[in-house]
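Chemist: Can you build the whole structure from these sequences, using the hints too?
Sequences listed follow chains Y and A, in order.
Counting from 4, one number per residue, gives the positions in the first sequence under our numbering.
Counting from 12, one number per residue, gives the positions in the second sequence under our numbering.
Read the hints as simulated data drawn from the structure, not as lab findings.
Quick caveat: nothing in here was measured; it's all calculated off a predicted structure.
Do not take every clue at face value.
[As the list claims (entries may be wrong)] Here are the computed lysine-lysine pairs in the DSSO-like style, where the Cα-Cα straight-line distance is at most 27 angstroms:
no.: 1; chain 1: A; residue 1: 370; chain 2: A; residue 2: 417
no.: 2; chain 1: A; residue 1: 366; chain 2: Y; residue 2: 119
no.: 3; chain 1: A; residue 1: 158; chain 2: Y; residue 2: 119
no.: 4; chain 1: Y; residue 1: 119; chain 2: A; residue 2: 444
no.: 5; chain 1: Y; residue 1: 5; chain 2: A; residue 2: 445
no.: 6; chain 1: Y; residue 1: 5; chain 2: A; residue 2: 444
no.: 7; chain 1: A; residue 1: 71; chain 2: Y; residue 2: 119
If you want the building blocks of each chain, they are given just below.
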Amino acid sequence: MKRIYAREEVCIGCRLCEIHCQVEHSRTRNIIKTFKEEVPPPPRINVEEEGPVSFALQCRHCDEPYCAYSCIAGAIYQDEQTGEVIQDIEKCIGCWTCVLTCTKGAIRPDLRGPRKAAKCDLCPDREIPACVEMCPNDALYIVEEEIKETVPG
Amino acid sequence: MATKKFDYLIIGNSAGGIGCAEGIRRVDTKGTIAMVSDEPYHTYSRPLITHLLEGDVDRKGMDFRPRDFYRRHAVEPLLGFRAEDLNTDGRSVKVIGTNGKAGTRHNLRYGKLLVATGGAPFIPAMDGLGLGGVTPMINLAQSLDVKKRLARVRNAVVLGAGLIGTKTAEALSQVVNRVTMVELADRILAPVSDIRSSRMAADAFRGNGVEVILNNTVTGIQGDEKGQVTEVVLRDGSVLPCDLFVVAIGVRPRTDLLEGSGVELASAKVGGGVEVDLNMETSVEGIYACGDCAHAHDFVTGGMRLLPLWPNAYIGGRIAGLNMAGSPHHHRWATNMNSVDFFGFPMVSAGFMLKPDRKGFEEIVRDEGHWYAKIILQNDVIKGLIMAGRVERAGIYLGLMRGRTKVTAFKRELLTDAFTAVHLPDEVKEEIKKPITVIE
Ligand SMILES: Cc1cc2nc3c(=O)[nH]c(=O)nc-3n(C[C@H](O)[C@H](O)[C@H](O)COP(=O)(O)OP(=O)(O)OC[C@H]3O[C@@H](n4cnc5c(N)ncnc54)[C@H](O)[C@@H]3O)c2cc1C
Ligand code: SF4
Ligand code: SF4
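Modeler: Take a look at the structure:
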């Protein structure tokens, strides 16, 4: 499965990954319109920063996804084939249980319309996720990892 | 009466039962599994029954798993069957058809058994409980019944302002003229809030037209000649017109299947419930229990207790399933953790809600008026969390709480905007960058 990792040494904390994540998940997918005409969606990646140290963090697509185990609506599941942790946005009722139980702080409330939780979906419409492609310093990279063997889930 | 034998028998078709089936299938793809529930429905998300009532979730949205779940997991569903007569020596249970299947009986023999029978509503003795329009709100049938009635309802009264009562009141307020919530305590959501956050939540209710009556309770129910509820009488003597009365003052572990079976139950003093170890196994070898009917390890207090919450039921079930299939795991993922949103006012909490009056405890508070956060520390380890009005990144604190991480070095930053994962001790920081690969 695809997993995104960060290189702390070269991240300069510019937060372009957050911006491009917001654009990718906006209604218009246009950077100017996203921030000038729309209510921008929350970034699904967060630049963790303190002084000179920074790195970007988004959903880790855990082998043991507590967000999925906690979801009271059955809206989060692990894809059998890819191992990706997928959220069915239609089913989500915005109860924020996953916001509390993802101990990486990788899920946030999206308050633009009906309450929905938002997390990294690895950009299903793109070859390379927006944050990875747009990082000017190659501080984000994708690794193809083997998934833990799963039986129907 | 036909006898059937299964390697795994699961009683309960909800969070705990489904978690168990999924846990078993992680390890064992061959063993036979049967899942019994006296509810006739495909597995559904119980916490969503109030959303169904309100209409923001439809019947299909109630499905907790896709419709092909049982087939894909090779689980034989026995829905609409009540389990009785547990024989622990002979390893068998009788199941009896309910509703449409009345009269059908099977004798089920099992290798391993999971009891995930959930809870039963606690209803105080009162005249008038049999009137039309008087109901608990803990299952789909009750939600569907109330939904059918809604067109006729002008005044709804909800007794109890815990998790179920508040959710019911919120839902009803979207579809009923007048909704009143009556609570015996001096604040709503008492077990999952402190005074400040409870008041904020109550403001959200009042601001959205729900009347909140505290320090009071319902002592009488009146009906008309057609047997329908018309009003309720409060302890202080006042009378509320009422054509829907929802009793939501609590849920008790449903352990009737285990009475006299030899499986140890906790005393009534602590609320009852099946006693289990960290593997979710009961006092009888081969019989496991989880969810609302059972105890679980609380990672904040370190003790075993009732924690009737969805994530605890699912994860407890999943871990029971792993153990039943021969893969040893402990369940250490539960505490009093709650997450709600009323009328766009979000609130999460975990662990202690009020600072214990003991040495070593302290409180960090941030109050921004429209949002509020509080952390309770014991010797610099997080033991309690409340975030009301804003819940962003609550999970980071829960992770610190669960990992018993000393926050001494960044205590002052904890609730500031500047707090990030970079503040965390190196091992924790490196851990947070990695996917979670173990369940425990
Ligand atoms: C309105 C409402 C809102 C809620 N909201 C939340 C929330 O937001 N967050 C949260 O964490 N929790 C919430 N909860 C609590 C949550 O639903 C429970 O903790 C969870 O459902 C427990 O799962 P369980 O598998 O232990 O049992 P249950 O879901 O109670 O399922 C047990 C099943 O077993 C069946 N059964 C019992 N005995 C027998 C028998 N002898 N034979 C056959 N079948 C039997 C029952 O009929 C039932 O179908 C809410 C509950 C309600 C009612
Ligand atoms: S949202 Fe959090 S818990 Fe869920 S898979 Fe992603 S990182 Fe893991
Ligand atoms: S917010 Fe949505 S995805 Fe998260 S637990 Fe609630 S229903 Fe599930």
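Chemist: Taking the hints in turn, state whether each one holds.
Modeler: Hint-by-hint comparison with the structure:
no.	hint	in the structure
1	370(A) to 417(A)	17 angstroms, holds
2	366(A) to 119(Y)	32 angstroms, violated
3	158(A) to 119(Y)	24 angstroms, holds
4	119(Y) to 444(A)	24 angstroms, holds
5	5(Y) to 445(A)	13 angstroms, holds
6	5(Y) to 444(A)	15 angstroms, holds
7	71(A) to 119(Y)	18 angstroms, holds
Hint 2 from the list above is the single one not met by this structure.
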